[in-house]
Amino acid sequence: MAKILIPTALRAFTDGKSEAEAEGKTVGEVIAAFAAAYPDIARHLYDEEGRLRSYVNVFVGDENIRGFGGLDAPVKDGETVTLVPAIAGGGAGRA
Amino acid sequence: MSKGIISDDRLSSLSNEEIARYSRHLLLPQIGLEGQERLRAAKALIVGTGGLGAPLALYLAAAGVGTLGIVDFDVVEESNLQRQIIHSTRDVGRPKVASAADRIRAINPGVNVITHNTRLTSENALGIIGDYDVVADGTDNYQTRYLVNDACVLLGKPNVYGSVFQFEGQASVFSAKEGPCYRCLYPSPPPPGLVPSCSEGGVLGVLPGIVGTIQANETIKLIVGGGESLVSRLLLFDAWEMRFRELKLDKDPGCPICGRKPSIHGLIDYEQFCGLKPDHAEAPVDAIEAKELKTRLDAGDKIQVIDIREPHEQAIAPFPGAKYIPLGQMVRRMDEFDEKVDSVFLCKIGQRSIFAIRALREAGYQGRLLNLRDGVGAWARDVDNNMPKY
Ligand SMILES: [Zn+2]
Numbered sequence: 001m002a003k004i005l006i007p008t009a010l011r012a013f014t015d016g017k018s019e020a021e022a023e024g025k026t027v028g029e030v031i032a033a034f035a036a037a038y039p040d041i042a043r044h045l046y047d048e049e050g051r052l053r054s055y056v057n058v059f060v061g062d063e064n065i066r067g068f069g070g071l072d073a074p075v076k077d078g079e080t081v082t083l084v085p086a087i088a089g090g091g092a093g094r095a
Numbered sequence: 001m002s003k004g005i006i007s008d009d010r011l012s013s014l015s016n017e018e019i020a021r022y023s024r025h026l027l028l029p030q031i032g033l034e035g036q037e038r039l040r041a042a043k044a045l046i047v048g049t050g051g052l053g054a055p056l057a058l059y060l061a062a063a064g065v066g067t068l069g070i071v072d073f074d075v076v077e078e079s080n081l082q083r084q085i086i087h088s089t090r091d092v093g094r095p096k097v098a099s100a101a102d103r104i105r106a107i108n109p110g111v112n113v114i115t116h117n118t119r120l121t122s123e124n125a126l127g128i129i130g131d132y133d134v135v136a137d138g139t140d141n142y143q144t145r146y147l148v149n150d151a152c153v154l155l156g157k158p159n160v161y162g163s164v165f166q167f168e169g170q171a172s173v174f175s176a177k178e179g180p181c182y183r184c185l186y187p188s189p190p191p192p193g194l195v196p197s198c199s200e201g202g203v204l205g206v207l208p209g210i211v212g213t214i215q216a217n218e219t220i221k222l223i224v225g226g227g228e229s230l231v232s233r234l235l236l237f238d239a240w241e242m243r244f245r246e247l248k249l250d251k252d253p254g255c256p257i258c259g260r261k262p263s264i265h266g267l268i269d270y271e272q273f274c275g276l277k278p279d280h281a282e283a284p285v286d287a288i289e290a291k292e293l294k295t296r297l298d299a300g301d302k303i304q305v306i307d308i309r310e311p312h313e314q315a316i317a318p319f320p321g322a323k324y325i326p327l328g329q330m331v332r333r334m335d336e337f338d339e340k341v342d343s344v345f346l347c348k349i350g351q352r353s354i355f356a357i358r359a360l361r362e363a364g365y366q367g368r369l370l371n372l373r374d375g376v377g378a379w380a381r382d383v384d385n386n387m388p389k390y
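For the protein sequence lines, the chains are L and V, in the order given. Residues 1 to 95 (the numbering used here) make up the first sequence, in order. Residues 1 to 390 (the numbering used here) make up the second sequence, in order.
Rather than coming from a laboratory, the hints here were simulated on the basis of the structure. Predicted model, so just to flag it, every value in this text is computed and none were measured. Some hints could be false.
Quick list of in silico lysine to any residue cross-link-like pairs, SDA-like style, CA-CA up to 25 Å [claimed, not checked]:
#1 L:Lys17 <-> V:Ile325
#2 V:Lys177 <-> V:Glu228
#3 V:Lys177 <-> L:Glu63
#4 V:Lys248 <-> L:Ser18
#5 L:Lys76 <-> L:Asp62
#6 V:Lys248 <-> L:Tyr46
#7 L:Lys17 <-> V:Glu246
#8 L:Lys17 <-> V:Leu360
#9 V:Lys43 <-> V:Lys221
#10 V:Lys323 <-> V:Pro388
#11 V:Lys43 <-> V:Ile114
#12 L:Lys3 <-> V:Met242
#13 V:Lys248 <-> L:Gly67
Whole structure, please, built from the sequences with the hints as guidance.
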């Protein structure tokens with residue numbers, strides 16, 4: 001079981017929850033199980049071809065999965081998977 | 001020899017007045033006379049004078065950064081004052097750069113303030129940024145973030161990054177000479193409407209204060225040339241849980257602008273890149289004007305009006321007679337709609353409602369879906385003047 005940390009921008013799709021747990025041996029499996037539990041979030045995580053959207057970064061522990069096989073990166077029991085989407089807010093700094 | 005980003009030939013001795021003013025910096029061996037001279041020689045550009053730009057400008061001015069450039073094309077609005085502490089109530093209606101420049105000069109008359117009352121564009125960005133040593137990005141949209149990143153990579157300038165949403169902030173230093181750039185982290189922006197802006201999603205007023213002061217701290221360290229910068233690190237801050245997290249960032253060898261074989265050699269069209277031009281948008285969504293909706297409702301047309309706002313937001317300006325289904329539950333509650341009847345979707349400004357319509361379409365909904373153009377804001381403006389505008 002891995003712990004998933006859900007960023008504020010995606011909590012509207014998880015009934016406001018900031019954490020979730022999901023089963024899986026790889027990041028891909030963990031995120032798929034998470035998306036199955038919250039169907040409205042799937043569209044925000046995957047594009048039309050089922051690839052992870054490039055504005056969402058996924059970290060296992062403090063490492064970006066990009067350098068560790070992407071969705072095939074292994075997840076150990078009890079590890080933390082952090083979703084980090086791009087946020088652009090500047091408190092309305094308009095330039 | 002030079003330390004940091006300010007070369008030694010730009011340094012000169014401080015006056016006695018400056019020594020008195022900056023005494024608390026001079027007492028720090030990490031800054032000292034030399035660091036303060038570097039601060040005075042430095043030229044920093046603050047992009048956006050909003051929630052992040054306000055504390056950035058105030059602290060960099062107080063710290064004695066010699067030249068401060070500020071870019072913003074907006075005017076001060078009442079709803080800015082909850083967090084943009086560089087502007088005052090009496091400044092409402094003034095250009096933000098004018099109001100910010102007054103405050104900077106009041107804090108420290110020794111600062112040379114340069115105001116750029118303009119939108120940063122692909123045409124002017126290299127010219128404006130080229131004059132500065134370091135850039136602090138406090139903008140509120142993706143196109144300007146990619147523009148600032150690309151201009152900084154092309155010019156070899158460090159980009160002190162911060163962004164905020166609701167209770168959550170991010171900060172890093174993108175300096176492509178030593179570490180990753182913004183594109184290494186986020187190769188492309190989210191589709192328009194997918195991530196709500198602060199004007200729709202809200203932001204805790206002190207949050208940009210905290211993240212903006214972190215940016216000011218990183219800017220000062222880059223200028224003085226010491227400490228551990230946030231290069232190759234992403235700092236995440238959750239103000240509600242009061243938690244900082246730090247993640248490692250790596251340079252992406254395939255990055256289109258700072259990677260091994262860059263494909264971007266100049267500034268591009270960022271509106272197009274961010275999907276803001278119609279030819280790049282998904283299938284268009286039919287809209288209905290507020291007045292037209294009012295006419296149809298008065299005529300007794302069968303219409304399902306769906307309010308997709310969150311309950312706390314709906315409470316600010318309720319829409320009479322609307323069925324309430326928040327955006328986050330749209331797809332799983334699809335069977336509550338009648339496909340034979342027109343549906344009108346509404347939110348605050350008519351952006352998230354487009355997203356709700358697209359999500360339903362993708363999920364296979366067959367009925368007619370209409371977007372209330374400009375949201376309940378338009379209803380308050382054109383139909384019901386008693387409805388609060390927020
Ligand atoms: Zn890069």
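Status of each hint after checking the structure:
1. Distance restraint check for L:Lys17 and V:Ile325: the Cα-Cα separation of roughly 18 Å lies within the 25 Å cut-off, and the hinted pair is therefore satisfied.
2. Our distance criterion of 25 Å between C-alpha atoms is met by V:Lys177 and V:Glu228, whose separation comes to about 16 Å.
3. In summary, the hint linking V:Lys177 to L:Glu63 is supported, as the alpha carbons are separated by about 21 Å, within the 25 Å threshold.
4. Between V:Lys248 and L:Ser18, the direct Cα distance comes to roughly 21 Å. Compliance with the 25 Å bound is thereby established for this hinted pair.
5. In summary, the hint linking L:Lys76 to L:Asp62 is supported, as the alpha carbons are separated by about 14 Å, within the 25 Å threshold.
6. For the hint linking V:Lys248 to L:Tyr46, the alpha-carbon distance of about 23 Å falls within 25 Å, and the restraint holds.
7. For the hint pairing L:Lys17 with V:Glu246, the CA-to-CA distance comes to about 21 Å; that is within 25 Å, so the pair holds.
8. This hinted pair checks out: L:Lys17 and V:Leu360 have alpha carbons roughly 23 Å apart, not beyond 25 Å.
9. The suggested pairing of V:Lys43 with V:Lys221 holds, with an alpha-carbon distance near 14 Å, which does not exceed 25 Å.
10. This hinted pair checks out: V:Lys323 and V:Pro388 have alpha carbons roughly 19 Å apart, not beyond 25 Å.
11. Among the hinted pairs, V:Lys43 with V:Ile114 is consistent with the structure: their alpha-carbon atoms are about 10 Å apart, no more than 25 Å.
12. Among the hinted pairs, L:Lys3 with V:Met242 is consistent with the structure: their alpha-carbon atoms are about 19 Å apart, no more than 25 Å.
13. The suggested pairing of V:Lys248 with L:Gly67 holds, with an alpha-carbon distance near 11 Å, which does not exceed 25 Å.
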